[in-house]
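Chain order of the listed sequences is X and H.
Okay, so the first sequence: first residue is 1 according to UniProt numbering, each after it adds one.
Okay, so the second sequence: first residue is 1 according to UniProt numbering, each after it adds one.
Rather than coming from a laboratory, the hints here were simulated on the basis of the structure.
Careful: at least some of the hints might be erroneous.
[Claimed, not checked] Covered, in the sense of this in silico footprint (three residues per stretch, anywhere, with C-beta under 8 Å from a C-beta of chain X), are these stretches of chain H:
#: 1; segment: 111-122
#: 2; segment: 137-146
#: 3; segment: 213-219
[To be verified] Using 25 Å as the maximum straight-line C-alpha spacing, the simulated BS3-like pairs for lysine-lysine come out as follows:
#: 4; chain 1: H; residue 1: Lys186; chain 2: X; residue 2: Lys114
#: 5; chain 1: X; residue 1: Lys109; chain 2: H; residue 2: Lys156
#: 6; chain 1: H; residue 1: Lys160; chain 2: H; residue 2: Lys214
#: 7; chain 1: H; residue 1: Lys156; chain 2: H; residue 2: Lys205
#: 8; chain 1: H; residue 1: Lys214; chain 2: X; residue 2: Lys114
#: 9; chain 1: H; residue 1: Lys186; chain 2: X; residue 2: Lys116
#: 10; chain 1: X; residue 1: Lys97; chain 2: H; residue 2: Lys104
#: 11; chain 1: H; residue 1: Lys39; chain 2: H; residue 2: Lys126
#: 12; chain 1: X; residue 1: Lys96; chain 2: H; residue 2: Lys156
#: 13; chain 1: X; residue 1: Lys116; chain 2: X; residue 2: Lys96
#: 14; chain 1: X; residue 1: Lys68; chain 2: X; residue 2: Lys92
#: 15; chain 1: X; residue 1: Lys109; chain 2: H; residue 2: Lys186
#: 16; chain 1: H; residue 1: Lys104; chain 2: H; residue 2: Lys52
[Unchecked claim] Derived list of chain X stretches under chain H, where covered just means 3 residues or more per stretch with a C-beta under 8 Å from a C-beta of chain H:
#: 17; segment: 46-60
#: 18; segment: 105-113
Remember, it's a predicted structure, so these values are computed and weren't measured experimentally.
C-beta: ideal position from N, C-alpha, C; glycine also.
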Amino acid sequence: MPFKRFVEIGRVALVNYGKEHGRLVVIVDVIDQNRALVDAPDMVRSQVNFKRLSLTDLKVDIKRVPRKKELIKAMEDADVKNKWEKSSWGRKLIVKKTRANLNDFDRFKLMLVKIKKAAVVRQELAKLKKAA
Amino acid sequence: MAPKQREARKVSRNPELVRGIGKYSRSKMYHKRGLWAIKAKNGGKLPLHEPKPKPQAPAQKPPKFYPAEDVKTPLVNKHKPKPTKLRASITPGTVLILLAGRFKGKRVVFLKQLPSGLLLVSGPFKINGVPLRRVNQSYVIATSTKVDVSACNVEKFDDKYFSKEVQKKKKKGEGEFFEAEKEEKKTLPQDKKDDQKTVDAALIKAIESVLDLKSYLGARFSLKQGQKPHELVF
């Protein structure tokens with residue numbers, strides 16, 4: 001099983017630990033064996049340990065340590081935001097976030113909807129069982 | 001009578017240099033305030049009100065008992081209690097979850113804070129059986145769901161409305177003791193029931209305009225498996 005996601009300049013990664021948890025960043029340079037210089041449009045360029053990064057499939061076409069403006073333009077050309085939000089990983093994160101921010105009333109409404117859906121499914125199942 | 005021509009002056013005529021020290025001396029202030037002119041008008045003396053006739057104090061008998069040591073008088077305490085500080089998340093119309101008491105778990109609408117600090121709350125009664133009731137802020141979770149209570153008038157409710165009625169002392173006849181107790185049954189007076197109806201009418205109208213809110217208020221809150229209260233957003 002060969003590796004498919006490499007640490008390279010332009011690789012989009014997700015920070016999975018620490019203050020910047022959950023942020024999508026672009027690897028802009030490699031400092032040494034353990035650390036990368038990382039940048040994002042709304043963040044100060046900083047160093048991050050590779051252990052804190054999860055690599056994604058997305059890649060941006062940039063030169064080593066680009067200026068902020070160039071980075072932003074390259075990210076828009078690669079359409080990182082939309083591709084991320086459409087990818088299954090990205091969608092799962094969004095769902096997790098909305099679930100965590102549900103109001104008590106929202107949770108109640110969700111419960112009602114779940115019950116309705118289960119009732120419909122059970123009806124269809126009963127029909128199928130009857131037919132068989 | 002025509003209103004006073006000059007209203008009572010609110011600012012002192014003696015500007016403060018440093019705290020406790022005014023700019024003008026006593027004699028200068030005497031002149032500034034015009035006390036010389038007031039005295040001149042009154043013929044050399046400051047005008048005085050007639051001393052009010054003091055009501056004659058009743059003749060006190062000499063006390064039978066003098067304490068051996070001096071009795072200490074406690075210090076003067078002029079603190080007035082003010083109602084508990086309301087949490088910022090609790091505003092009129094907030095849906096609250098009651099945590100203790102007969103109605104624990106019930107979701108209830110907050111109406112106003114009473115002068116004692118307790119929260120006035122109503123089910124509404126038709127929806128979940130919680131009447132107009134007082135509840136302590138500490139036994140309540142405030143959700144972020146709000147109901148429109150602008151149509152409700154809760155001005156007339158205060159702590160006296162909820163006080164227990166004073167029972168008249170009855171003479172205890174030994175034989176009649178048990179019978180007498182059973183005769184009295186506490187029923188809610190009709191005007192309290194009417195108050196509940198008027199408040200709830202306006203509330204229910206506002207509640208029915210939102211989808212599912214009525215069944216939400218009718219349901220009790222409970223923690224499900226895997227839910228952590230410190231991680232829940234209410």
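request  = Against the structure, test the hints numbered earlier, and report the numbers of the ones violated in rising order.
outcome  = Hints 1, 4, 5, 6, 9, 10, 11, 12, 14, 15, 16, 17 contradicted; others consistent.
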